[in-house]
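Taken in sequence, the protein lines are chains S and P. Quick note, the first sequence lines up with residues 23 to 271 if you use the numbering used here. Quick note, the second sequence lines up with residues 756 to 1064 if you use the numbering used here.
What follows is a list of derived Cβ distance ranges for each label pair: (1) Ile-252/S - Ser-940/P: 31 to 37 angstroms; (2) Lys-804/P - Ser-171/S: 44 to 50 angstroms; (3) Asn-212/S - Asp-987/P: 23 to 29 angstroms; (4) Asn-212/S - His-965/P: 40 to 46 angstroms; (5) Arg-104/S - Phe-1054/P: 50 to 56 angstroms; (6) Ala-262/S - Gly-913/P: 35 to 41 angstroms; (7) Ile-252/S - Pro-1058/P: 19 to 25 angstroms; (8) Glu-765/P - Asn-36/S: 33 to 39 angstroms.
Short, incomplete list of chain P residues facing chain S, as computed with Cβ under 7 angstroms: (9) Lys-850; (10) Pro-854; (11) Met-863; (12) Ser-866; (13) Asn-885; (14) Ala-886; (15) Ile-887; (16) Thr-889; (17) Asn-893; (18) Asp-894; (19) Lys-931; (20) Phe-932; (21) Val-950; (22) Asn-993; (23) Val-1008.
Hints were generated in silico from the structure; no laboratory data involved. Just so you know, these numbers come straight off a predicted model, no measurement behind them. We treat Cβ as the ideally placed atom computed from N, Cα and C, and that holds for glycine.
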Amino acid sequence: MKVLVPVKRVIDYNVKPRVKMDGTGVDLANVKMSMNPFDEIAVEEAIRLKEKGVATEVVVVSIGPAKAQETCRTALAMGADRAILIQTDETVEPLGVAKLLKAVADEEQPGLVILGKQAIDDDSNQTGQMLAALMGRPQGTFASKVEVSGDTVTVTREVDGGLETVALTIPAIITTDLRLNEPRYASLPNIMKAKSKPLAAKTPADYGVDIAPRLETLTVAEPPKRSAGIKVADVDELVAKLKALGVAA
Amino acid sequence: MKTLVWVEHEGGALKDATLSAVTAAAKLGEVHLLVAGEGVGGVAEAAAKIAGVGKVHVADNAAYAHALPEAVAPLIVELMGHHDAFVAPATSTAKNIAPRVAALLDVMQVSDILSVEGDKTFTRPIYAGNAIATVKSNDAKLVITVRGTAFEKAAKDGGSGAIEAVSAATSGEGSKFVGAEISKSERPELTSAKVIVSGGRALASSENFHSVIEPLADKLGAAVGASRAAVDAGYVPNDYQVGQTGKIVAPEVYVAVGISGAIQHLAGMKDSKTIIAINKDEDAPIFQVADIGLVGDLFTIVPELTSKL
Ligand SMILES: Cc1cc2nc3c(=O)[nH]c(=O)nc-3n(C[C@H](O)[C@H](O)[C@H](O)COP(=O)(O)OP(=O)(O)OC[C@H]3O[C@@H](n4cnc5c(N)ncnc54)[C@H](O)[C@@H]3O)c2cc1C
Ligand SMILES: Cc1cc2nc3c(=O)[nH]c(=O)nc-3n(C[C@H](O)[C@H](O)[C@H](O)COP(=O)(O)OP(=O)(O)OC[C@H]3O[C@@H](n4cnc5c(N)ncnc54)[C@H](O)[C@@H]3O)c2cc1C
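For reference, chain P alone in the conformation it holds in the complex (with noise of 0.2 angstroms):
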């Protein structure tokens, strides 16, 4: 089998949820990859050395520029003519694409596989991964977003893939790029960070969150998480959300503080290795998940933990 892999990248830097989408790919087949998106060079020569791959398609236009599905899709279409997976990590820019790749080539998308389990047949999470479902198609191609947090990461290097233009230009009808606001920080990224702090609705108030939540997550270099409680309250801003429906995440350590522990936020962190929880309510349901609790009021707890550490 020949898979397509989308390949994530920003700033004009390859993303690292490229690289889970590649090992899942690697057990289906062949390994080709897409580059698409304005100046993209350099992205494509680093995706080239990603152990494994084979041909490395870049499609550097500006009409990619925002990777608008409108404008992407076609142009996906066009190359799955030749390929017969086309398979993307489960990012937002990737979520937004893939099911308009599926619909265009009249196949069911399998949505944020966890397992390759033969050719066609997959696993992945359902009702908030309260169930696991194996899934099979019956479709002549696949389209496929993968669980970045299910698969190990491709190595960066020791790939030697043939880069290759493409010529096609599809362009996207009656959408626009208007503008973005990108968070900017210093502190490791949420979906690949080794150590995550999260907090919720007991921080009550953007202050707090910044003067109890950060300084912890500083001295355990740490990335910032949050409950849907907390963004929706504007504590934090919508791209700190750990969940069903946030971002998935599965650190060495997570540390839950003041996060009753909704299987809506389960759904994002219960994969994770170690998962500590602080909160003052002793049968709060994250201690049912947690491997060390403490029990009593974070606004004692935090900054004594952060002050011993």
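Bound conformation, chain S alone (with noise of 0.2 angstroms):
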């Protein structure tokens, strides 16, 4: 069974955002990007499948600039067999991306897409269901624990009220929460070995799809800021502050 995983370049979770000064969106102008951190767990998931011997090969694949290039070899030096770099500098919603990786999919036959839950930059949280939306296939979102078994997945998922767990006929989309797995760092000899690991550079006309945005950014603002307060010397201090708030007796 072949595993795909899609994986987005953003920027780093350490950074603090700034928002640019006309307002048209978030300035990523020399600032760090990383892989997605949700991604990092999907693609560590699947080379635990290929470990394990339930996966054969892991494919990874990522839509955005020529630099979307590096998020494609850290995955390769996590242990992924192979990339597929689908180059853009347009501006793709996650209904775009679900349908540039149905695309992939449809080429790729994977038995299991393991996507992040979110991106930590536009946080949508969308991509994984629109996916199996469109290839009409089950879905386990927000996993903590995913368990292959012949042609069943069985997906424990963190949900508002604890877990819940469902069990999906492969193949299936599956998106990571943060507690299924602490990826693994690359080691320097695997990061070498990704450098000569095939990766395959395609553009969004390669599969025909229609990208263009439906949703239009009218601005970016900066949110309400709040400032700091006071201390509070002690406990009795914070005692009266708590009564004064109404919410002790």
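Hints are included, so try docking the two chains, each in its own frame, into the full complex.
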């Protein structure tokens, strides 16, 4: 069984994003970029499935600018077998990404597609569910545990009330949550080895998919700022404040 | 515009998240509701009483018992034949379903809206709430999820919606519900609590979390939350996590105990009315957003505080 893992290049999670002065977006010039953390978890899960002998090949795909090649190489260094970069400098929304991924899946015929539950830049939390809809396949979102047995994948999901488990018939789509695994770091030899692993360069036109955006971003603004308040000296003062707030009798 | 609002319910009771979605939908036009599930007659009756509600579509069928998106999405798509917007609260159930509906309708979903600025224009947070985008949809139909903390709750009574049974029976192929482990608690729910006490990595163990955080929460009648670090370390279950990738909360009072204030955590609680931070590091970033801070060791401060309340 082949596993397909879409990986997105995003602002590094340690960087505090700054809104551009002209209100057109977030300033990404000279900012550290990394693989979306949820996608690292997805790559890790796919590699573990391969190590267990469940998966035969791990293919990663990224949609983005030329630099998204680095994101592909990171996944290859972690242990993915080959990569596809669908290069575009346009804004591709989750629906467009899902359509491209469907086209890739039609070619590759993966048993599982494992995505991140959300990308930490746009925070849309849509792509996996959309892909599942377009492919007409079952979905296991926000996964904290994945077990494959025969043609069934059992997914434990993090939901508002706790955990929920569903059994899906393969092929299926999975999106990762934080507790699924702890992604490995690529070792230096593996980083070197990754340089010679295959990376196919494609464009959206190769797949004949219309990725014209449906949403128009009118402005991007800073959220209202909170300013630091006061510090109290001791517990008695804090108790007095809580009483003043009406939350303590 | 005719809207179809997803009614969130659990154990036969309507959940408050629905009420914020109704308020958002009312800004767009007529409000119709969809109650999907098994044995949901009571939920439908409660839903019909929500102020401002027109019709309540009820799909009472075993196929919808666990709100599996494979079964529910086609049902919604069918109903969207005569509605213009699907509006859902940003709960884990609806986040699972709405994008599936959007893709089937070939529209781009607008996630987690904070406000309605016009017919098809909304604001939404991006980059963990460090930026607010104003976006306009150019699709024929709308699919929207609503951030609960950003909209007032519609009144639970005063309405008299007409209940209408939906005969459509769609079934999801390839997906089966196996089971659920739902946390039980006597405490208020995180997303609707007036007061929240959250603990972080500093608690250092599950035992400490229970013996230090919970008594304070009990005294304040508060819900209990946690940082990702505390959840990852296994001090508390995943449903306690507050943040960019956990729950979004905005209580009257949020007490952060031994939490540093990473942007991913702030994203989930910075709209709280009053933030109180207890941390031994006076330079912890949490103090930059806290209204009231107390610097010191939580293991002495919190028990003392609990005893003096
Ligand atoms: C060069 C460029 C510039 C952009 N600039 C902006 C901008 O300024 N403002 C704006 O609003 N949008 C911009 N976008 C669009 C934005 O990146 C898309 O909305 C995004 O691709 C999908 O949204 P999301 O990541 O929040 O989706 P989610 O649904 O949150 O993503 C979930 C998962 O889907 C997969 N996935 C998502 N996107 C990709 C991808 N591109 N490649 C591979 N896998 C993926 C990953 O596994 C990810 O974890 C830009 C896109 C590009 C390529
Ligand atoms: C993709 C992604 C998503 C994430 N999503 C979330 C999310 O949704 N929610 C979330 O919370 N985090 C999230 N995080 C994690 C986040 O980046 C931080 O790692 C996390 O919030 C830190 O938790 P913490 O504050 O408990 O721990 P730490 O950062 O370790 O802080 C512990 C604090 O306790 C203080 N302390 C220690 N001992 C004591 C004592 N005895 N008394 C008083 N104070 C003490 C320390 O001074 C310190 O400030 C995410 C990260 C990533 C990469």
